[in-house]
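Letter by letter, the chains look like this.
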Amino acid sequence: MTSNKLKETASKMALALALVMVVTACSGKSNSPAASPSASPSPTSSNEGNEGKPEAGALPIVADKLTLDTWVVSDGNFRGQNYNEKNSFVKMEGLTNININWIQGSGADGVEAFNLLMAGGQIPDLVAYSNMVTEGPKYGQQGAFVELTPYIEQHAPNFKKILDNNPELRKLLTTADGEIYQFPQLNLHEYNLVQMYPQIRQDWLEKLKLEEPKTIDDWYTVLKAIKEGDPNGNGIADEIPYVAVNLQHIIRTFGPAFNTDWEFYVDNGKVKFAPYEAEYKELLQWLNKLYSEGLLDQNYLVDTDFKFLTEKVTTDRAGAWAGWSGSYMRSFTDLMSDHPTFKLVGTEPPVGPKGEQRFGFHAWPLGTVGVAISAKSKHIEEAVKWLDFQYSEEGIMLNNFGEEGVSYEMVDGYPKFTDAVFNNPEGLNSTESLLSYTIGGGMWSTVADERYLEQYDMEEAIEAKQKVGKYINFDKAFPPITLTTQQNDKVASLLADIRTYRDEYANGFVMGNRSFDEYDRFVQQLKQMKIEEIIAVYQEAYDNYLGK
Amino acid sequence: MNANAAKSNNKVPDRLKKGVRRATFRGVIKNRSLYIMLIPVVLYFIVFHYKPMYGAIIAFKDFKPFLGIGDSPWVGFKHFQQFFESYFFVRILRNTIVISLYQLIFGFPAAIILALLLNELKNQIFKRFVQSISYLPHFISLVVVCGMLIDFLQPDGIINRSLLAIGVIGEPINFMILPEWFRIIFVGSGIWQSVGWSSIIFLAALSGINPSLYEAAAVDGAGRWRQMLSITLPGIMPTIIILLIINIGNFMVVGFDKIILLYNSATYETADVIGSFVFRRGITEANYSFTAAVGLFNSVINFTLLVLVNQLAKKKAESSLW
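Here the protein sequences line up with chains D and S, keeping their order.
Position one of the first sequence corresponds to residue 1 (full-length UniProt numbering), numbered consecutively onward.
Position one of the second sequence corresponds to residue 1 (full-length UniProt numbering), numbered consecutively onward.
With the rest of the complex left out, here is chain D (with noise of 0.2 angstroms):
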């Protein structure tokens, strides 16, 4: 009588079995017909060059379907359920044969959703992090994630040819230690590179008959001629003639001006922390100077979200702000069409009273985005060749602009986007839609092509972007280096101290909550917590990037 059970149970589990076959069988097919047309010209594009290696960045890259689980935090924009419903990544599931299972973090930043990730050591095959230049190394050197350097060498043609056309490329990306540990992102042109620049609201300036502002004193003429020339025209001074959302976006944008920046930045060849320089009182006191007027956004510590900013542009009462071209000036413009005159122009980095011009908020070639491999992954030499494919020529056109024909077309061999994501028919607006067809050139792991922005942008913004960018100085940023493991547990716990204590102090000065009489016990105090040591680690790491 059992056997007969254990029979039945086994011929229904076997049915079951088989339904479930049938099931996924239909499922893969159902991904097919989007894929298989452009399959066969691949090969030739992504084979270029590596003849004498057969296997490297030959498609598909396995010959029996792999899946790999692969840890991403959601872009907030992004309005469907799960990463495989992005053309580009069906469509490269067909190429390449690898199927990626996403697994979706949560969180504004995913700072915290990451951390919990590394800290339960539970870490899939594949890692994508909006701050792998830093974590990836760190991470890496305690063995949580792949070194790279020997599978870059064999598995990675594409990646490595861009790393020997950019030799500096490969002195950021490589660590301290000659190891290399995450396929980032990366922007190889200029026009990429500029992230937030100040904008400000052209039709005021016009209302007020004013110039766009260029010294910091002009700026502080626009901002006062805002705040009490009623620009929005409603009869109350409700204007907020600058808005930010945290101080480090003030500082970025004007800190440059009085030779100072935000935290690191070197000064011929001489690392320096800009709390503990002297220029840095300086600004913090024409900073004082606008909040106290009332020209500096009142609120810009408690209103942190990006939401309460769109709210005061959008409801005509900002004046200025540092931001990016999409999300900001092109969505502001978007939100605010049905506004008679609304306007935004970006200026140049403002000159400082001693004549310094400088673009402080950019980007570096290598990218803060990157993706790392697991080093307990049993696929790692799949997983290489996957992310690999990302930098060939097809995986950057796919990551940029997705699947040619759907959301893109070669126009004179230049990729046009189409009225997919432009004029999207079910009223996405242009990031949105951008998103359900791409992951987006300048979030994950690829090349970021500028044809892309090129498009995305306005007129203004890209008129803005080639103003500020010539003013971009490498040689005054610090680097996105990494420091080695025992650099890092030497200065780790004593600059978190230190940030706190700037944070708590700076905007202490700024919104007058602390006299700065108080300044010289602020540096004193710095010294205290041993800033000096930290410096010097930074200028070892420092010394260690430019000599290699």
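Hint data in this document are derived by calculation from the structure and do not stem from the laboratory.
Please read these numbers as outputs of a predicted model, since none were measured by experiment.
For each residue, glycine too, the CB sits at the ideal point set by N, CA and C.
One or more of the hints may lead you astray.
Said to hold, decoys possible - Beyond 12 angstroms from chain D on every Cβ pair, some chain S residues (computed): (1) 65; (2) 77; (3) 93; (4) 110; (5) 112; (6) 113; (7) 136; (8) 172; (9) 213; (10) 221; (11) 227; (12) 243; (13) 262; (14) 299; (15) 313.
Stated by the list, open to error - Simulated restraints, written as ranges between beta carbons of each label pair: (16) D/341 with S/166: 32 to 40 angstroms; (17) D/292 with S/84: 33 to 41 angstroms; (18) D/354 with S/84: 38 to 46 angstroms; (19) D/292 with S/143: 27 to 35 angstroms; (20) S/67 with D/450: 39 to 47 angstroms; (21) D/423 with S/98: 53 to 61 angstroms; (22) S/85 with D/119: 24 to 32 angstroms; (23) D/497 with S/50: 27 to 35 angstroms; (24) D/450 with S/85: 49 to 57 angstroms; (25) D/292 with S/98: 26 to 34 angstroms; (26) D/497 with S/23: 53 to 61 angstroms; (27) D/188 with S/143: 23 to 31 angstroms.
Based on the hints, put chain S in the right spot on chain D.
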């Protein structure tokens, strides 16, 4: 009875011991359904409260997530030393104690006073109305409460506008960035949110007082004030003592979630407590060992306080947790 006898006498006859054991066993069998109901609770404490204690040893190690707890190197009291030498040590300790003290001094009696006031009300409908209103805020999510607070307390928020309108202040006060306001906002809103809910337990204790006591007192000519002091308060004193002990046991645990929702770097000076410091350093900056040391230090203080207060209560008030 038997158990007491067994404890007090060193030379316990075997017969008696056996008797005790048998009695215990019989008691378990008799009340088995109660014990079965107890199992999930015990499991909960083992899984979520006792097992994680093992993790506290990372306070004495240089915990690297990928090495795991076992393989991370021992460093002794390095992290404790670092914490005690830290610039922030005195400050976060002071803030934690001060905020807790405020909560204890202003928050704890508030619930008792509300309960006593409600108890004196003769109109039952009005009493229930007030009671419901007072405990409704308890059901509002903390995030929402903090969002409301920030909104109301803005320079152009409702509170500033009202104060300006009635002429109490000449200039709007930016409450959220002024350190001197933080504790008041924090403790005040805490009382507003919890006073009604906390008073329920006292109301329950009040209903347990024998009405004949009041009648007797009235006959003896005691007024309502006298009745409250001589009957009501002594009647709920055991409840007050127990709750006070429990509150003091949590003395060093300031709800850091609310702190994090309300503070910013301009108010760290009065707002940063051990809990928020641990959160920042541990979760945001991933210094696990250091924060485990800080957390352990906090727990040790809490435990010591709990034992001390319990001893005191046993001696002075003859009612205690154990």
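Against the structure, the hints:
At roughly 5 angstroms, the least C-beta separation between residue 65 of chain S and chain D is not larger than 12 angstroms, which violates its mark as non-interface. With a cut of 12 angstroms on Cβ distances, residue 77 of chain S stays outside the contact zone with chain D, its closest approach being about 15 angstroms. The Cβ of residue 93 of chain S sits about 15 angstroms from the closest Cβ of chain D, beyond the 12 angstroms cut-off, so the non-interface label holds. Once the 12 angstroms rule is applied to beta carbons, residue 110 of chain S is consistent with being away from chain D; the minimum gap is 28 angstroms.
Every beta carbon of chain D lies more than 12 angstroms from that of residue 112 of chain S, the smallest distance being close to 35 angstroms; the non-interface claim holds. The beta carbon of residue 113 of chain S sits about 33 angstroms from the closest Cβ of chain D, which is more than 12 angstroms, so the claim that it is off the interface holds. With a closest Cβ-Cβ approach of about 26 angstroms to chain D, residue 136 of chain S is found to remain outside the 12 angstroms limit, as its non-interface label requires. Against chain D, the non-interface label of residue 172 of chain S is violated: not every CB pair exceeds 12 angstroms, the least being about 9 angstroms.
For residue 213 of chain S, the shortest C-beta to C-beta distance to chain D comes to about 53 angstroms, beyond the 12 angstroms cut-off, and the non-interface label holds. Every CB of chain D lies more than 12 angstroms from the CB of residue 221 of chain S, the least distance being 58 angstroms, so the non-interface label holds. With a minimum CB-CB distance of about 49 angstroms to chain D, residue 227 of chain S clears the 12 angstroms threshold, and the non-interface call stands. At roughly 34 angstroms, the least C-beta separation between residue 243 of chain S and chain D is larger than 12 angstroms, which holds for a residue marked as non-interface.
Non-interface status of residue 262 of chain S relative to chain D is broken: a Cβ of that chain comes within 12 angstroms, the nearest being about 9 angstroms off. Interface exclusion of residue 299 of chain S from chain D stands, the closest Cβ pair being 20 angstroms apart, more than 12 angstroms. No Cβ of chain D approaches the Cβ of residue 313 of chain S within 12 angstroms, the least distance being about 39 angstroms, so the stated non-interface status holds. For residue 341 of chain D and residue 166 of chain S, the hinted distance range of 32 to 40 angstroms is satisfied, since their beta carbons lie about 39 angstroms from each other.
For residue 292 of chain D and residue 84 of chain S, the hinted distance range of 33 to 41 angstroms is satisfied, since their beta carbons lie about 38 angstroms from each other. A hinted range of 38 to 46 angstroms holds for the C-beta pair residue 354 of chain D and residue 84 of chain S, which are about 44 angstroms apart. Checked against the given bound of 27 to 35 angstroms, the beta carbons of residue 292 of chain D and residue 143 of chain S, roughly 32 angstroms apart, stay inside it. A hinted range of 39 to 47 angstroms for the beta carbons of residue 67 of chain S and residue 450 of chain D is consistent with their spacing of about 43 angstroms.
Between residue 423 of chain D and residue 98 of chain S the beta carbon distance is about 59 angstroms. The supplied range of 53 to 61 angstroms therefore holds. The hint said 24 to 32 angstroms for the Cβ distance between residue 85 of chain S and residue 119 of chain D, and at roughly 25 angstroms that hint holds. Between residue 497 of chain D and residue 50 of chain S, the C-beta spacing of about 33 angstroms keeps the proposed range 27 to 35 angstroms intact. Checked against the given bound of 49 to 57 angstroms, the beta carbons of residue 450 of chain D and residue 85 of chain S, roughly 50 angstroms apart, stay inside it.
In this structure, residue 292 of chain D and residue 98 of chain S meet the distance hint of 26 to 34 angstroms, their C-beta atoms being roughly 30 angstroms apart. Separation of residue 497 of chain D from residue 23 of chain S is about 59 angstroms and conforms to the stated range, judged on CB atoms against 53 to 61 angstroms. The supplied range of 23 to 31 angstroms is broken by residue 188 of chain D and residue 143 of chain S, whose beta-carbon atoms lie about 42 angstroms from each other.
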